[in-house]
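Visitor: Residue numbers are given in the UniProt record's numbering: position 23 of the sequence shown equals residue 23, and the series is strictly consecutive.
Just so you know, these hints were derived from the structure itself, not from any lab. Treat the hints loosely; a few may be bogus.
Said to hold, decoys possible - Quick list of simulated restraints, FRET-style, between CB atoms:
hint	residue 1	residue 2	range
1	I125	G474	22 to 32 angstroms
2	I111	V341	45 to 55 angstroms
3	R51	D228	48 to 58 angstroms
4	G448	S369	50 to 60 angstroms
5	T291	A461	26 to 36 angstroms
Heads up, the beta-carbon is just placed ideally off N, CA and C, and yes, glycines get one too.
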Amino acid sequence: MVTITPLVDGQDRSIDARSIVTLIFFFAINALVIWPVRIPVTLFVSRPFGRFVKRSREDRATEQCDLKPDMSSPAPATEKGQASTTPEAWATIDSHHSPADSRVPSKKVYIPIDLRTAPVIGVLILLASTCIPGSVVRRGIVGSGGVRPYDIMTLFICFAYISISLDATGFLRYLAFLVASRASRGQRLFTTFYFLFAGIGLVFGNDPLVLSGTPFLAYFTDHAAISDPTSFIFSQFQVSNLVSAFLVSSNPTNLVLTSAFGINFLVYSAWMAIPTIASAIVLYFVSRYITFSREGLIPKTIHPPAINPRDALSDPVGAVFGATVFVITVLLLVGLSAGGVLEGKVGVWTVTVPAAGLVLLRDLAKDLSERREKPKGDSKPLDQAQSTLPTEEIAVASTAAPSHPPFLGLSRVSSVVSKLPLALLPFAFSFFILVEGLQHTGWISVFGGWWGAWEEVGGIAGSVWLMGMLSVIGCNVSLLGLEDVPFID
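Modelling step: build the complete structure from the supplied sequences, incorporating the hints.
Guide: Written out as structure tokens, the structure reads:
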């Protein structure tokens, strides 16, 4: 009788067929995230789906026809601007819902294999093929070796909610308009925006900055007659990613690093302060005098839009409340981490979840208060209900405005939740599982042996140099950061 030895998690395991398949899938999934593809579904599957859609449309048209008034009774007089209920009007409705218009052509349906689907599919295939067991999936969610993926993603989502809610109050737009209104020359405006975005990113991280700053710059450069906004938009993106290395709460990657090596938040920020600030200063001079030195990228004169910065602040009380909660949360994380309180079973979620809950409760109270003050059915999207800017500026006034009617009249909550990067949770957890899969199949042990051999030859200086080079190259040719996706979208 053959005894099957259970797989050991990588430490004493040699490379076998499962290991090779896991590594191939890991690189293939990375490639599909960078270069997504669409797989066509055969008409055998797509045609029944088209028939289902056609029947659904016909049923809706039938329901609307059943709601017609009795044609024998005279139609009530209609005021100007109201919909007509005359037979002619119903004939128009019938023409819009005729069977000819309800026909759905047989088209190919495509399944996207991209950032949101490829990692999940890869994990399911590896799990079904027994390349990785269920324990690897569990460790990819619960964590191992000090890294707790659920804790990291909880911090990411909670800070995203607080940041987006703060942006919905108009606070970040208020700061941007306040600074921009005092600049009349292009070079001065570039410098002002650069250091403003650096300061915001240093404190709040790059998520709220990218979500709020990019639409603001698109609006500002258009109304200030700046023909080429490249220098402003890309410098904002570059500096926001750079300065997010300072605080642990600014980037999920920072929390992975501190959790894996047991570094408290205060020590991490102390080590990163000088490199981050120095790099931001160097980047400014490189951007202004080299990268964007071509004529026209930074205009000589500008004409900023005549907007009172106060008008961009749609909810002053909410702005003060959100900013206060954000700052207190960051200070608590730094203080508790320095005291060793966040180690062990007590994670950062014990701080970030209550903070996000407070902001959520305040948003709910704001929405309920506004709903009581408005007549029934008068719920408006957040940008129209709260903004006091002129009509043509409403569209860009709020970067958190939903493109659909608010749920149950909760404009603020619907707006913020619709902007949360919830679709990235499966992506992140899947990659945590894939890395655990590399550990389980022995590859991390192999890579560690290679690195140990290089360290014996290159020493500390060689190890630091090679790790820096691999990190720079890997970040540019491999996966984007989670916080970069809103900018790309």
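Visitor: All hints are to be evaluated individually against the structure, with a verdict given for each.
Guide: Now for the hints, and whether the structure bears them out:
Judged by the Cβ atoms, the range 22 to 32 angstroms given for I125 and G474 holds: they are separated by roughly 24 angstroms. The hint said 45 to 55 angstroms for the Cβ distance between I111 and V341, and at roughly 46 angstroms that hint holds. In this structure the supplied range 48 to 58 angstroms holds for R51 paired with D228, their Cβ-Cβ distance being about 50 angstroms. At roughly 57 angstroms, the beta-carbon separation of G448 and S369 lies within the given 50 to 60 angstroms, and the hint holds.
Range check, T291 to A461: Cβ separation about 29 angstroms, and the 26 to 36 angstroms hint holds.
Comparing the model with each numbered hint stated earlier shows that all of them hold.
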